[in-house]
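Given next are the chains, with one letter for each unit.
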Amino acid sequence: DAGVTQSPTHLIKTRGQQVTLRCSPKSGHDTVSWYQQALGQGPQFIFQYYEEEERQRGNFPDRFSGHQFPNYSSELNVNALLLGDSALYLCASSLGQGVQPQHFGDGTRLSIL
Amino acid sequence: KQEVTQIPAALSVPEGENLVLNCSFTDSAIYNLQWFRQDPGKGLTSLLLIQSSQREQTSGRLNASLDKSSGRSTLYIAASQPGDSATYLCAVIEKTSYDKVIFGPGTSLSVIP
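Going down the list, the sequences are from chains Y and P. Here the first sequence stands for residues 1 to 113, where the numbers follow the numbering used here. Here the second sequence stands for residues 1001 to 1113, where the numbers follow the numbering used here.
Treat the hints as calculated values from the structure; they're not laboratory data. Where hints are given, some of them may not hold.
[To be verified] Dumping the calculated DSS-like pairs for lysine-lysine here, alpha-carbon to alpha-carbon at most 30 Å:
#, chain 1, residue 1, chain 2, residue 2
1, P, Lys1042, P, Lys1100
2, Y, Lys13, Y, Lys26
3, Y, Lys13, P, Lys1001
4, P, Lys1100, Y, Lys13
5, P, Lys1068, P, Lys1100
6, P, Lys1095, P, Lys1068
7, P, Lys1042, P, Lys1001
8, P, Lys1042, P, Lys1095
9, P, Lys1042, Y, Lys26
10, P, Lys1001, P, Lys1095
11, P, Lys1100, Y, Lys26
12, P, Lys1100, P, Lys1001
13, P, Lys1001, P, Lys1068
14, P, Lys1068, Y, Lys13
All chains, full assembly: derive it from the sequences and hints.
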């Protein structure tokens, strides 16, 4: 039973560039959430996708956007990268609406130079 | 606005000791509280989930309690082992915006052999 998988594992970009991160949810899950975790801090909620639509959004600028595909996989896009975007980006999946527990991937480490 | 705090920020104990990690949240209107473990550079592993109607959950050497009225949760680890060394995060899902998980900053635990 495959868990949540994220790609790539590590990524290095420069300021002003754009990046796309990918997430495949755990088998049977249809909801995907994205989090940003800066070094030494807890994860911060970015947004959640369900039925290919953004359902909830945290306090992040419009430079952060996403997409969910019919197979429930998801992408996180960040435009005009800033040094402060350097972080571990975590994807979590769950089943349906409500308060089901979320399962996390190992994340993508994004470094901005 | 819901805020989650964790005390202590870091903890170092000798192997075999019993220990308690603390988590506090400001708004008691939550659906559930979840404890996670995070190894360096890795994603989150769910340890215990306590529904808002429950008082505690147990799994092996771990016991988590929840006191909604006081906005507190504790994670008790019995007979600590070096393999328990990791960062422990608590998180709540609040009733006002369910599905959005709000994390604390974590407690970094080191168990010395």
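To see whether the hints hold, each was checked on the structure:
This hinted pair checks out: Lys1042 (chain P) and Lys1100 (chain P) have alpha carbons roughly 21 Å apart, not beyond 30 Å. Of the pairs offered as hints, the one joining Lys13 (chain Y) and Lys26 (chain Y) holds, with about 28 Å between alpha carbons and a cut-off of 30 Å not exceeded. Annotation: proposed proximity of Lys13 (chain Y) to Lys1001 (chain P) is violated, straight-line Cα distance about 34 Å (limit 30 Å). Between Lys1100 (chain P) and Lys13 (chain Y) the alpha-carbon distance is near 28 Å, which keeps this suggested pair within the 30 Å criterion.
Taken as a hint, the Lys1068 (chain P) and Lys1100 (chain P) pair is honoured in the structure, with Cα atoms around 18 Å apart against an allowance of 30 Å. Our distance criterion of 30 Å between C-alpha atoms is met by Lys1095 (chain P) and Lys1068 (chain P), whose separation comes to about 13 Å. Restraint check: the Cα-Cα separation between Lys1042 (chain P) and Lys1001 (chain P) comes to about 28 Å, which is no more than 30 Å; the hinted pair holds. A hinted pair counts as satisfied when its Cα atoms are at most 30 Å apart, and Lys1042 (chain P) with Lys1095 (chain P) qualifies at roughly 29 Å.
Distance hint between Lys1042 (chain P) and Lys26 (chain Y) is fulfilled; the C-alpha atoms sit about 17 Å from each other, no more than 30 Å. About 12 Å separates the Cα atoms of Lys1001 (chain P) and Lys1095 (chain P), which keeps this hinted pair within 30 Å; it holds. Using a Cα cut-off of 30 Å, the hinted pair Lys1100 (chain P) and Lys26 (chain Y) holds, with the two alpha carbons roughly 18 Å apart. A distance of roughly 13 Å separates the Cα atoms of Lys1100 (chain P) and Lys1001 (chain P); the hinted pair therefore holds under the 30 Å criterion.
Between Lys1001 (chain P) and Lys1068 (chain P) the CA atoms are separated by roughly 16 Å; this keeps the pair inside 30 Å, and the hint holds. Simply put, Lys1068 (chain P) and Lys13 (chain Y) have alpha-carbon atoms about 43 Å apart, too far for the 30 Å limit, and the pair is violated.
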